Structures are given as structure tokens and as C-alpha cells.
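**Q** For reference, the chains in residue letters:
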Amino acid sequence: MKSRYVFVFPTEAINKPLTYHLVKDFDLKVNIFNAYINSGEEGNLALEIEGSPGQIQAGLEFAKSLGVECSTLDKRVKLEHDRCINCGACVAVCYSDALKMDANTMELNFDKDKCTVCELCTTACPLQLFKINFVE
Amino acid sequence: MKKIKTYSEINERIKNGNAVVMTAGEFKELANHSKPGELANKVDVVTTATFGPMCSSGAFINFGHSGPPMRLEKISLNDVPAYGGIAAADAYVGATETANPHDKYGGAHVIEDLVSGKDIRLKASSKGTDCYPRKEIETKINIESVNEAFLFNPRNAYQNYAAAVNSQRRKLYTYMGVLLPSCGNVNYSTSGEYSPLLNDPDMRSIGVGTRIFLGGTQGFVAWHGTQFITSRPRNESGIPVLPAATLSLIGNLKEMSAEFIKAAYYEKYGTSLFVGVGIPIPVLDEDMAARLAIRNEQIETQVFDYGLSERPVVKKVNYKELQSGEIELGGRKVRTAPLSSISAAKNIMKLLKEEVSTGKFLINEPVEHFPKNTTNKALEGIEHG
Ligand code: SF4
Ligand code: SF4
Numbered sequence: 001m002k003s004r005y006v007f008v009f010p011t012e013a014i015n016k017p018l019t020y021h022l023v024k025d026f027d028l029k030v031n032i033f034n035a036y037i038n039s040g041e042e043g044n045l046a047l048e049i050e051g052s053p054g055q056i057q058a059g060l061e062f063a064k065s066l067g068v069e070c071s072t073l074d075k076r077v078k079l080e081h082d083r084c085i086n087c088g089a090c091v092a093v094c095y096s097d098a099l100k101m102d103a104n105t106m107e108l109n110f111d112k113d114k115c116t117v118c119e120l121c122t123t124a125c126p127l128q129l130f131k132i133n134f135v136e
Numbered sequence: 137m138k139k140i141k142t143y144s145e146i147n148e149r150i151k152n153g154n155a156v157v158m159t160a161g162e163f164k165e166l167a168n169h170s171k172p173g174e175l176a177n178k179v180d181v182v183t184t185a186t187f188g189p190m191c192s193s194g195a196f197i198n199f200g201h202s203g204p205p206m207r208l209e210k211i212s213l214n215d216v217p218a219y220g221g222i223a224a225a226d227a228y229v230g231a232t233e234t235a236n237p238h239d240k241y242g243g244a245h246v247i248e249d250l251v252s253g254k255d256i257r258l259k260a261s262s263k264g265t266d267c268y269p270r271k272e273i274e275t276k277i278n279i280e281s282v283n284e285a286f287l288f289n290p291r292n293a294y295q296n297y298a299a300a301v302n303s304q305r306r307k308l309y310t311y312m313g314v315l316l317p318s319c320g321n322v323n324y325s326t327s328g329e330y331s332p333l334l335n336d337p338d339m340r341s342i343g344v345g346t347r348i349f350l351g352g353t354q355g356f357v358a359w360h361g362t363q364f365i366t367s368r369p370r371n372e373s374g375i376p377v378l379p380a381a382t383l384s385l386i387g388n389l390k391e392m393s394a395e396f397i398k399a400a401y402y403e404k405y406g407t408s409l410f411v412g413v414g415i416p417i418p419v420l421d422e423d424m425a426a427r428l429a430i431r432n433e434q435i436e437t438q439v440f441d442y443g444l445s446e447r448p449v450v451k452k453v454n455y456k457e458l459q460s461g462e463i464e465l466g467g468r469k470v471r472t473a474p475l476s477s478i479s480a481a482k483n484i485m486k487l488l489k490e491e492v493s494t495g496k497f498l499i500n501e502p503v504e505h506f507p508k509n510t511t512n513k514a515l516e517g518i519e520h521g
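Line by line, the protein sequences give chains P and A.
Once you know that position 36 of the first sequence is 36 in the working numbering, the rest is easy, because the numbers rise by one and skip nothing.
In the working numbering, each residue carries its 1-based index in the second sequence increased by 136.
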């Protein structure tokens with residue numbers, strides 16, 4: 001079984017070797033596809049975990065015991081791109097670099113694959129063009 | 137300085153359809169391999185523009201008289217209060233006004249809705265007088281139904297603006313957008329080398345009566361803007377390195393387009409209005425040409441730390457660095473974001489170039505130049521013992 005998760009770390013949990021334990025103690029395959037960790041602050045990790053449902057469950061329990069918030073990546077960010085005025089206010093908050101201004105055209109690029117669904121852009125856009133969608 | 141051409145010569149060429157008009161982008165490319173003298177001989181007009189959130193904006197509206205007549209005193213438009221302390225069917229709606237402190241719909245949205253042709257709910261009350269007996273009215277208005285509606289913005293088109301960063305451990309929600317903790321981002325807000333007042337930093341061609349592009353139509357510079365400070369320190373390219381001059385702008389809301397008048401809401405700050413402003417600058421002589429050739433790397437601003445109440449300067453940067461998408465701060469790369477839409481500014485420059493080239497847009501010589509040597513006064517609160 002393969003599932004995608006977003007882990008949000010509080011300051012205290014940042015220096016714990018979390019993924020190491022997930023691999024070693026719970027026999028999980030972990031593929032980190034996005035990370036933003038800045039020491040002394042909150043961190044964001046988007047990862048794909050592969051293993052048996054029981055192992056995954058145990059691994060998640062372990063992460064939660066360290067104070068890590070785990071949520072399944074069953075949400076997607078939707079942008080109403082045709083109403084975008086390319087002001088860049090969303091780029092300012094996108095830790096994962098999913099939102100970037102093209103340095104030539106100064107237009108917004110949205111690379112959905114990099115998105116960790118941190119939801120910061122939903123409050124940053126002055127036109128409220130980002131919506132969170134739940135996927136089945 | 138030798139004058140190469142006059143306003144009337146330039147306007148003559150515009151009317152005949154043979155003026156040489158360029159966008160600021162095109163002109164600067166040409167300036168890479170031409171001298172100011174050649175440029176001034178070759179080019180007549182350069183278009184500049186900006187499309188940023190301009191909080192100090194608003195509109196005057198005259199609703200027309202009801203029968204029996206009424207002096208509209210307390211007025212709201214879609215529940216947003218409008219100023220009615222002017223007689224009798226006039227009101228002013230400001231971009232940052234909201235009905236409740238945390239509303240996401242404000243005066244800016246009323247203005248955008250008007251421009252888009254939507255109906256707006258007008259509610260007004262009055263004490264009633266012998267000449268204006270009616271005390272209440274509730275009705276719908278729209279851009280067609282009102283007598284006059286014009287945008288009149290006290291402070292727009294800032295000549296340079298400070299960039300913002302936040303050194304603190306908590307997120308800040310500001311008019312400079314969201315500022316992430318621990319200097320996670322740097323936000324800035326001008327269109328750099330396309331910005332009108334950075335292309336004519338001494339405002340030789342911009343003054344009272346200058347014809348401009350405003351919100352999709354032709355408008356005018358009404359006055360120098362509020363907080364107009366000419367005494368700011370300048371760098372070696374003659375560019376003020378802090379927020380300096382501003383413009384007060386006026387134009388017919390009935391002719392504007394929602395593409396260039398956009399309401400905005402900044403989380404936990406409030407509402408603001410993106411206003412599209414374009415100014416055509418006549419290349420009168422070598423000096424004007426040299427000023428218009430300025431590039432982003434010569435335009436500098438300072439990064440202020442909004443996390444500390446005294447807002448210390450953290451770094452001096454130029455717009456080439458800012459527009460690259462990241463700058464170095466304290467030994468690491470920090471992402472930057474523009475807040476003002478540079479791609480929309482490019483679009484306005486193109487449209488304005490088209491208007492001037494086809495003879496639809498003439499260049500006004502200022503009726504009056506702006507004051508020189510202005511400073512800024514602060515407001516002191518009175519301490520109650
Ligand atoms: S939710 Fe928005 S800000 Fe967060 S990673 Fe995705 S695109 Fe970037
Ligand atoms: S903040 Fe909104 S309007 Fe601005 S660039 Fe991002 S999506 Fe577009």
C-alpha cells in the first residue's frame with residue numbers, strides 16, 4: 001500500500017531522525033517529495049509511504065508521538081488561474097516553490113506536483129483565487 | 137540643455153500618426169546601444185506603467201435626487217459605509233472602508249462592482265430638513281443609473297517603495313502581504329524600471345493636468361499626491377532610495393474597466409484597490425532620454441524589518457535582484473515577491489503605446505509643476521496623564 005502524507009513538525013520535533021526510524025523500525029519505504037524545514041521553526045514534509053497498512057499505521061502513531069501532525073494528502077489546491085493578476089503575493093508564502101514568478105514574463109507558474117497543501121496561499125492571495133479541494 | 141522638441145511638435149506628430157512611441161521596456165533595450173542624444177532625436181514618447189495595490193483610492197458618486205428630495209447623510213453601498221458629509225446626493229467611497237472590521241468585502245469591491253456594471257444596494261438616512269424632507273431610502277444603483285462617478289485617489293503611483301521582511305518568530309499580516317517568520321520572504325511593491333515616477337524622477341513632464349491612463353481610460357493627474365516627499369536621499373542615478381513622490385489621480389469611473397480596477401483583500405489587514413496607471417513620457421531632450429534609460433539595477437530600495445516596531449533597514453537592494461525571485465539575506469537565499477503586477481504593467485504600457493501611436497492619446501504639458509523640497513510631518517499623539 002502506498003499513501004501520501006503531509007507532516008507538519010513543531011519546533012521540538014525537527015531534530016529527531018524521524019524518517020530514519022520509519023524506515024528502520026517500521027520497515028516502510030519513504031519517498032520525500034518535498035520538504036521545507038528551517039531550524040528553530042515549523043517544518044513541512046510531504047512524503048509517500050509504502051508498506052503494509054498495519055506498518056503504516058504504527059509508523060504514523062510513532063510520528064504523532066513525537067508531536068508531528070500527520071495528514072493524508074487527500075487535498076489538492078485549485079487555482080482559478082484565469083482570474084490571476086500575477087501580483088505574486090502567493091509566491092511569497094509558498095515554501096515548497098510550487099508557486100513561482102517566471103523571471104522573464106513575470107507571470108505566475110503553478111507546479112502542482114511540488115505543492116505540499118500547506119494552504120498558506122489561500123490566505124495570501126488578495127483575490128482569494130486558491131481553493132482547497134478534497135479528493136476521494 | 138538643448139531642447140530637441142516641444143510638446144506641440146510631439147502632439148503634431150501624434151495627430152499625424154507618425155510619432156515614434158515605445159514602451160519603457162523597448163526604449164531601455166534601444167538605450168543599451170544608443171546615446172541619449174540619438175534616443176532623444178529618434179523617440180518621441182515612452183510609455184510607463186504600474187498596477188499595484190493602492191489603498192489611498194476612492195470614488196465620488198452622485199446618485200441623483202429622489203422625490204421627495206433627500207439629503208443623503210448616512211450612506212452605505214452594499215453595507216459598506218460611504219462618506220455623506222457633502223451635500224446632498226454626493227458621496228465618497230474609500231477603497232479600504234468596510235462595514236465590519238474583518239470583512240473581506242470593502243469599498244474597493246464596491247468600486248470594482250460598479251465598474252463591472254453590477255447593481256449595488258444603496259441605503260441612506262437623513263434627519264430631514266424643510267428643503268430635503270425625505271428621511272430614508274433603500275434602492276439599487278449601478279454605474280449607468282448614477283449621474284457622475286469618478287475615481288479620485290489621493291495617493292497613488294509611489295515613486296519607489298520600501299521592501300518588507302519579518303525577523304520575528306510569528307507570521308505578520310500586512311499591507312505588504314504575508315511576511316513569513318525568520319525572514320522567510322521579502323515583499324516589494326513597485327514595477328521597477330517600468331514605474332512612471334522612476335522614469336521621470338524630477339517630474340519634469342508630470343504635474344497637474346498630465347493626461348494619463350487610469351483604470352482603462354484617460355484620466356489626469358489632479359495634484360501631487362499626499363505624503364509627497366521630494367527631500368528623500370537619492371542614489372548616484374538620481375533615484376530616491378525611499379518612498380518619495382506620489383500622485384493624486386482623477387478619472388471617469390464610467391469609462392473604466394474591471395481589468396484595471398481590481399479589489400483586493402489582504403488577510404488580517406483589510407481591503408485595497410489595484411489601480412492600473414500608465415503615463416506617457418515625452419522625450420523632450422537628452423536629459424529626459426537619459427532618465428528614461430534607467431535600468432532595474434540602478435533603482436535601489438531598502439528592505440525594512442516589519443517585525444520590529446522601529447522598522448530598521450536590513451539591506452539595500454536593487455530591482456534587478458528583487459525581480460530575480462530571490463535575494464541574499466543573512467547568508468541565505470530568501471524568496472522575493474512583487475505584490476504589484478509587473479506583467480499587467482507591461483500590458484498597460486503596450487495599450488498606451490497603441491493609443492498614442494494611433495493618435496488617440498495626446499501628451500499634456502503640466503499646467504503647474506509640483507512643489508520642490510517638501511518634507512514629511514509626523515503625527516504626535518497627546519499623552520493623557
Ligand atoms: S498550498 Fe499553496 S503555498 Fe502551500 S505548497 Fe501548495 S501552492 Fe504552495
Ligand atoms: S496572489 Fe492570487 S492574484 Fe496574485 S499571483 Fe497569486 S494567484 Fe495570482
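In short, the hints are calculated from the structure, not lab data.
Because the structure is a prediction, the values reported are computed rather than measured.
Even for Gly, the Cβ is constructed at its ideal location relative to N, Cα and C.
One thing to keep in mind: the hints can contain errors.
[Stated by the list, open to error] Some chain A residues close to chain P (C-beta under 8 Å, calculated; not the full set):
#	residue
1	Thr-142
2	Ser-144
3	Asn-147
4	Pro-189
5	Ser-192
6	Leu-316
7	Thr-353
8	Ala-400
9	Gly-461
10	Arg-471
11	Leu-475
[Unchecked claim] Sample of chain P residues at the chain A side, in silico, Cβ under 8 Å:
#	residue
12	Gly-43
13	Gln-55
14	Ile-56
15	Ala-103
16	Met-106
17	Glu-107
18	Leu-129
19	Ile-132
**Q** Please go over all the hints and tell whether each is borne out by the structure.
**A** Hint check results:
1. Thr-142: Violated. Min distance 36 Å.
2. Ser-144: Constraint on Ser-144/A not satisfied, violated at 36 Å.
3. Asn-147: With Cβ-Cβ at 32 Å, over 8 Å, it is violated.
4. Pro-189: Because about 7 Å separates Pro-189/A from the closest Cβ in chain P, which is inside the 8 Å limit, the hint holds.
5. Ser-192: Since chain P brings no Cβ nearer than about 16 Å to Ser-192/A, farther than 8 Å, the hint is violated.
6. Leu-316: OK, holds: Leu-316/A within 8 Å of chain P, min 6 Å.
7. Thr-353: Not OK, violated: Thr-353/A not within 8 Å of chain P, min 18 Å.
8. Ala-400: holds, 3 Å
9. Gly-461: holds, 6 Å
10. Arg-471: holds, 7 Å
11. Leu-475: holds, 6 Å
12. Gly-43: Result: violated, 12 Å to nearest chain A Cβ.
13. Gln-55: The hint is violated - Gln-55/P has no Cβ within 8 Å of chain A, the shortest such distance being about 35 Å.
14. Ile-56: violated, 32 Å
15. Ala-103: Holds, because the Cβ-Cβ distance from Ala-103/P to chain A comes to roughly 6 Å (cut-off 8 Å).
16. Met-106: holds, 4 Å
17. Glu-107: Glu-107/P check passes; min Cβ-Cβ to chain A is 5 Å, inside 8 Å.
18. Leu-129: At 11 Å from the nearest chain A Cβ, Leu-129/P fails the 8 Å test, so the hint is violated.
19. Ile-132: violated, 15 Å
Going through the hint list in order, the structure does not satisfy hints 1, 2, 3, 5, 7, 12, 13, 14, 18, 19.
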